[in-house]
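Between the sequences and the hints, there should be enough to build the whole structure, so can you do that?
Line order of the protein sequences matches chains P and E. Per numbering that gives the first Met the number 0, residue 0 is the first one in the first sequence, and the count goes up by one each step. Per numbering that gives the first Met the number 0, residue 0 is the first one in the second sequence, and the count goes up by one each step.
Since the hints were made in silico from the structure, they are not lab data. In this text the structure is predicted, and so the values were computed from the model without any measurement. Quick reminder that beta carbons are idealized off the backbone N, C-alpha and C, glycines included.
Covered stretches of chain P, as calculated for chain E (at least 3 residues, CB under 8 Å):
| no. | region |
| --- | --- |
| 1 | 116-125 |
| 2 | 135-142 |
Per the computed footprint, the stretches of chain E lying under chain P, defined by three or more beta-carbons under 8 Å from a beta-carbon of chain P, are:
| no. | region |
| --- | --- |
| 3 | 79-85 |
| 4 | 92-100 |
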Amino acid sequence: MFTSADLTAFFLTLQLAFITTLILLILGTPLAWYLAHSRWRYKFLLEALIALPLVLPPTVLGFYLLLLLGNNGPLGYMTASLGAEPLAFSFSGLVIGSVFYSIPFVVQPLQDAFNNIGQRPMEVAATLGASPFDRFITIALPLARQGFLTAIVLGFAHTLGEFGVVLMIGGNIPGETKVLSIAIYEHVEALEYTNAHLLSASLILMSFLMLIAVYAINGRFRAVRL
Amino acid sequence: MRIKARFQIARSEVLNFNFDISAEGITAIFGVSGCGKTSLLRVIAGLELHTNSTLQVGDEIWQDENVFLAPHQRSIGYVFQEASLFDHLCVKDNIEYGFKRASADSRNISVEHVVSLLELQSLLNKKPAFLSGGERQRVAIARALAANPRLLLMDEPLSSLDQARKAELLPYIETINKEMNIPILYVSHSNEEIGRLADQLIFIEDAVVKASGAISELLTRSDLSLAHRRQAESLIFAKAEKYDEDFQLNYLSSEVGTFLVPGKKLPPSKELRLRLVAQDISITLEEQINTSILNIFPAVIDELFVESKAQLTVRLSINKLPVLARITMKSAENLKLEKGKNVFAQIKSVAVLA
Numbered sequence: 000m001f002t003s004a005d006l007t008a009f010f011l012t013l014q015l016a017f018i019t020t021l022i023l024l025i026l027g028t029p030l031a032w033y034l035a036h037s038r039w040r041y042k043f044l045l046e047a048l049i050a051l052p053l054v055l056p057p058t059v060l061g062f063y064l065l066l067l068l069g070n071n072g073p074l075g076y077m078t079a080s081l082g083a084e085p086l087a088f089s090f091s092g093l094v095i096g097s098v099f100y101s102i103p104f105v106v107q108p109l110q111d112a113f114n115n116i117g118q119r120p121m122e123v124a125a126t127l128g129a130s131p132f133d134r135f136i137t138i139a140l141p142l143a144r145q146g147f148l149t150a151i152v153l154g155f156a157h158t159l160g161e162f163g164v165v166l167m168i169g170g171n172i173p174g175e176t177k178v179l180s181i182a183i184y185e186h187v188e189a190l191e192y193t194n195a196h197l198l199s200a201s202l203i204l205m206s207f208l209m210l211i212a213v214y215a216i217n218g219r220f221r222a223v224r225l
Numbered sequence: 000m001r002i003k004a005r006f007q008i009a010r011s012e013v014l015n016f017n018f019d020i021s022a023e024g025i026t027a028i029f030g031v032s033g034c035g036k037t038s039l040l041r042v043i044a045g046l047e048l049h050t051n052s053t054l055q056v057g058d059e060i061w062q063d064e065n066v067f068l069a070p071h072q073r074s075i076g077y078v079f080q081e082a083s084l085f086d087h088l089c090v091k092d093n094i095e096y097g098f099k100r101a102s103a104d105s106r107n108i109s110v111e112h113v114v115s116l117l118e119l120q121s122l123l124n125k126k127p128a129f130l131s132g133g134e135r136q137r138v139a140i141a142r143a144l145a146a147n148p149r150l151l152l153m154d155e156p157l158s159s160l161d162q163a164r165k166a167e168l169l170p171y172i173e174t175i176n177k178e179m180n181i182p183i184l185y186v187s188h189s190n191e192e193i194g195r196l197a198d199q200l201i202f203i204e205d206a207v208v209k210a211s212g213a214i215s216e217l218l219t220r221s222d223l224s225l226a227h228r229r230q231a232e233s234l235i236f237a238k239a240e241k242y243d244e245d246f247q248l249n250y251l252s253s254e255v256g257t258f259l260v261p262g263k264k265l266p267p268s269k270e271l272r273l274r275l276v277a278q279d280i281s282i283t284l285e286e287q288i289n290t291s292i293l294n295i296f297p298a299v300i301d302e303l304f305v306e307s308k309a310q311l312t313v314r315l316s317i318n319k320l321p322v323l324a325r326i327t328m329k330s331a332e333n334l335k336l337e338k339g340k341n342v343f344a345q346i347k348s349v350a351v352l353a
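Written as structure tokens, this is what we have:
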């Protein structure tokens, strides 16, 4: 069965995926709203930037994040001078990395959902006396609920499977940065195939179930595009 | 309620829409497709912002150099071409959306009232996806009304419906106009709808508001293209007086006189509108006695305007009401028609719009 170290890695991974998804929803919703409604000419630059994690090897992302968050990097220097814990090789650093790593998986479904609503329902709500915030809450959010569900599931599932970024900026600290994918890698290195099987199979099962939910609800899977 | 507007709408050409009307009943914004009718309605609602524009509605300034009220700050109801219902809300919640957001002291119309007016009782718990096109548009109208607006804006609300649904929905709009004291601005390019519904016109042509005022006056004004159309027409308000069962003939009283119109019995309570097509009216100098034409009225020639070498339009004054007749130049010369001359108008056919 699962070793206690495996269980720790398991729950750490869930925790990471949960926090990352939450942060991405908070940051991604206004960003997606902006992208869906902005008429800025160079909006495509921002869209391309957000899609980058889809094509980059995670190690590349991890490498630059390491430089950014490390003690000699600007962010690392800042946190150090504030007397805070260094970000590299910490859970917080992992969260930051995951947010970058999974951003397209949350922002793109939301942007699509907001686009699909169109201007009309918002205009109708405005003529019925709803302020911009009111109509965002009472019209846009409920109409975009499928997009939110897709964003949550994809953001969560994608973070679950992260490896390269963690390897670069997280390392392998039990209970702090040792997530499932790292634990599996370690088991394989140590030729503990049974443990590797258990963890891998549970990851497959979990991801599969979540994707089934998305497919079943959205009918077609068009959430992420490149 | 007085509406004073000066709009400069920048499109491929600049539209200058200036008018000052006393909006009561239904005021139709009329013009060909693409003339800017919808844009006009959108700037009145505040959905589009154009500078160098002012709008005063009643005693409130909605827009000038310093003020621009956002749509949600304007007391309006807006019915779009497509019903545009909120798909995630049931019919009842759709209708209540605006009502809940109306200030308590402006709530003169209850949700129950609009529901019964538009006969939506059986649909209240349904989601919009399960409604027919006509039902959806009725819900949209109810939703706009329930917001208790001071001004109701309707953008071709029937144009997305087929002929049968249109005929079904028109009476509802007439009822709203009769039962509620809300001025309606009604965008349309349909002669039929305008003739049936409008009390006043805002007539748009060549990127400007050419004229605004009572519909029967605008239809017969020689300086507007409306009177020069091939289908030029006059509008007369009438009431069913009595019905002759033997001949199936309606006697309709109007300020022009009594019209005899064959057909099914018309309801006596209703205000009827009679459309007189200019081409169906001929002029005689003496009253014809041995004729098949039933509707003959004494008239005075008010104005003659030439349409072509062959035709001219005569504006007749029958009991001070303007009625157009389209005749040939040859007949005008034969009869020596001129302004002020007493003649008889023979009206060959009358269309009852109802």
